[in-house]
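Asks: Residue numbers for the sequence shown follow the UniProt record's numbering, so the first one is 1 and each next one is one higher.
Note that these hints are calculated values from the structure, not bench results. Remember, it's a predicted structure, so these values are computed and weren't measured experimentally. Only true hints are included.
No farther apart than 35 Å at their CA atoms in a straight line, the calculated lysine-lysine pairs in the DSBU-like style are these: (1) Lys-348 to Lys-25; (2) Lys-353 to Lys-172; (3) Lys-172 to Lys-25; (4) Lys-25 to Lys-353; (5) Lys-147 to Lys-172; (6) Lys-424 to Lys-348; (7) Lys-424 to Lys-172; (8) Lys-172 to Lys-348; (9) Lys-424 to Lys-147; (10) Lys-238 to Lys-348.
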Amino acid sequence: MVSFRAQRSEPELLSPARATPRETKALSDLDDQRTLRYYETVVGFFRSNSGRPDNPAQAIRAALMEALVYYYPIAGRLREDAGGRLVVDCAGQGVVFVEACVDVRLEEFGEPLLPPYPCVEELLCDVGDTRAVVGRPLLFMQVTRLKCGGFVLGFHICHNLADGFGMAQFIKAVADIARGEAAPTILPVWQRELLVTARSCLPAMTRSISPGHELPPVNNGPGTPTPTRDLMLSTPPKNMEAQYFLFGPREISTLRGLIPAGQAQSATIFELVTAVMWRARTAALGYGPSQRVRLMITMNARGRWNTHTRIPRGYYGNAHVSPIAELAAGDLCAQPLGDTVELVRQTKRGMTKERMESMVEAVASLREWPPSAMDRVYEVSDIRWTAVNVLRFGWAELAGGGIPLAGDLTSKLGSDHVRCENEKGEVSTVVSMLLPRAAMARFRQEMAVWLNHREDDEDTKNLPILSSL
Numbered sequence: 001m002v003s004f005r006a007q008r009s010e011p012e013l014l015s016p017a018r019a020t021p022r023e024t025k026a027l028s029d030l031d032d033q034r035t036l037r038y039y040e041t042v043v044g045f046f047r048s049n050s051g052r053p054d055n056p057a058q059a060i061r062a063a064l065m066e067a068l069v070y071y072y073p074i075a076g077r078l079r080e081d082a083g084g085r086l087v088v089d090c091a092g093q094g095v096v097f098v099e100a101c102v103d104v105r106l107e108e109f110g111e112p113l114l115p116p117y118p119c120v121e122e123l124l125c126d127v128g129d130t131r132a133v134v135g136r137p138l139l140f141m142q143v144t145r146l147k148c149g150g151f152v153l154g155f156h157i158c159h160n161l162a163d164g165f166g167m168a169q170f171i172k173a174v175a176d177i178a179r180g181e182a183a184p185t186i187l188p189v190w191q192r193e194l195l196v197t198a199r200s201c202l203p204a205m206t207r208s209i210s211p212g213h214e215l216p217p218v219n220n221g222p223g224t225p226t227p228t229r230d231l232m233l234s235t236p237p238k239n240m241e242a243q244y245f246l247f248g249p250r251e252i253s254t255l256r257g258l259i260p261a262g263q264a265q266s267a268t269i270f271e272l273v274t275a276v277m278w279r280a281r282t283a284a285l286g287y288g289p290s291q292r293v294r295l296m297i298t299m300n301a302r303g304r305w306n307t308h309t310r311i312p313r314g315y316y317g318n319a320h321v322s323p324i325a326e327l328a329a330g331d332l333c334a335q336p337l338g339d340t341v342e343l344v345r346q347t348k349r350g351m352t353k354e355r356m357e358s359m360v361e362a363v364a365s366l367r368e369w370p371p372s373a374m375d376r377v378y379e380v381s382d383i384r385w386t387a388v389n390v391l392r393f394g395w396a397e398l399a400g401g402g403i404p405l406a407g408d409l410t411s412k413l414g415s416d417h418v419r420c421e422n423e424k425g426e427v428s429t430v431v432s433m434l435l436p437r438a439a440m441a442r443f444r445q446e447m448a449v450w451l452n453h454r455e456d457d458e459d460t461k462n463l464p465i466l467s468s469l
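Turn these sequences into a full structure, and let the hints steer you where they fit.
Replies: As structure tokens, this is what we get:
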């Protein structure tokens, strides 16, 4: 694997290209979750085309300043109001920009281009404490020029301001302007009041949680006198291992063959992969048969399923909800795979208007989601389509990228489904997984069984990709 060091410019504070409104903006209840008080990290690899500018980094720098005219809250600063809620002071304070170069070609990052990306820390500028967001720049961006003429766009952005689709929309605005558009092709919409409940307006000390709005602690089942702490929560990060698992057409076809024919035709790739990985992860972590385990699916409220709470085009705030499935570990691992796939599907389809409103109200009450007391939970996010066909610089095309960490910066419990290509150039899905080392070895064995791989099978060796982080 290639190794390199980046030559960086001094960090520069960039303000919007022109004067912007001086005002204070409130966040939504979904934005103002304490569990979102961190900087999400994203990297994108771009292949150059003909007609590229002499210095792509400077072209992006100029486009970023222009994009901030439209997305001026991102150039502001967060502060807490008297009630402890976050607000954005918009005064054009600016974002951090760094230009860098490395003596590496795009193809040296791997063919196909898959996580874990080598020396990824060299492609990102220093953000300091990733959990300290108040009073600091809300975006840290580094553009790294490659030896082949391509570049890497790496950034940290405060999650309280935007979710994955919002982040992609903002970077699309930068790409639009860098391509020569006079303005972003999708104009930003704030309207955070769409996802604010009356409960969030109450003083923090007077709020009470209505029945059904707070998730109860996981029930260990009858006969369990003292709950044991979840291995995922008790294991230090230094004793955990990150790997990525690749699912191409061959693997998906194998999984479809394990469920009834009628169901196999309608099951989505996300449902199939999530069902198998939840079961393999549960078995690998050694939960007792009667212990309850949970699957939490992050769903974008901009999706076609949401016909009741209109999220306008251009909205870039957090608009994700997380329905949860729960089952005894023994029942999960013993039932037919088709039943698990159906449970995943019904969990997604069960997000009604009432459930969505209840979840937003719970967030307003708890100021975090999920509640910190939860254990034995597996979080799954499908971000395969977040940036597909939207990041068009004209003189460069997106070759790959995504979130370069297995498990986000505030949780060790999550997996991200990311779109990629396999060695044959076939559209595939790569899924992150973070587990204690011993559990990871068991997880690999479980996955090999599901996919009919042998230990000496070349495809088995290519399926898990060890993280360098």
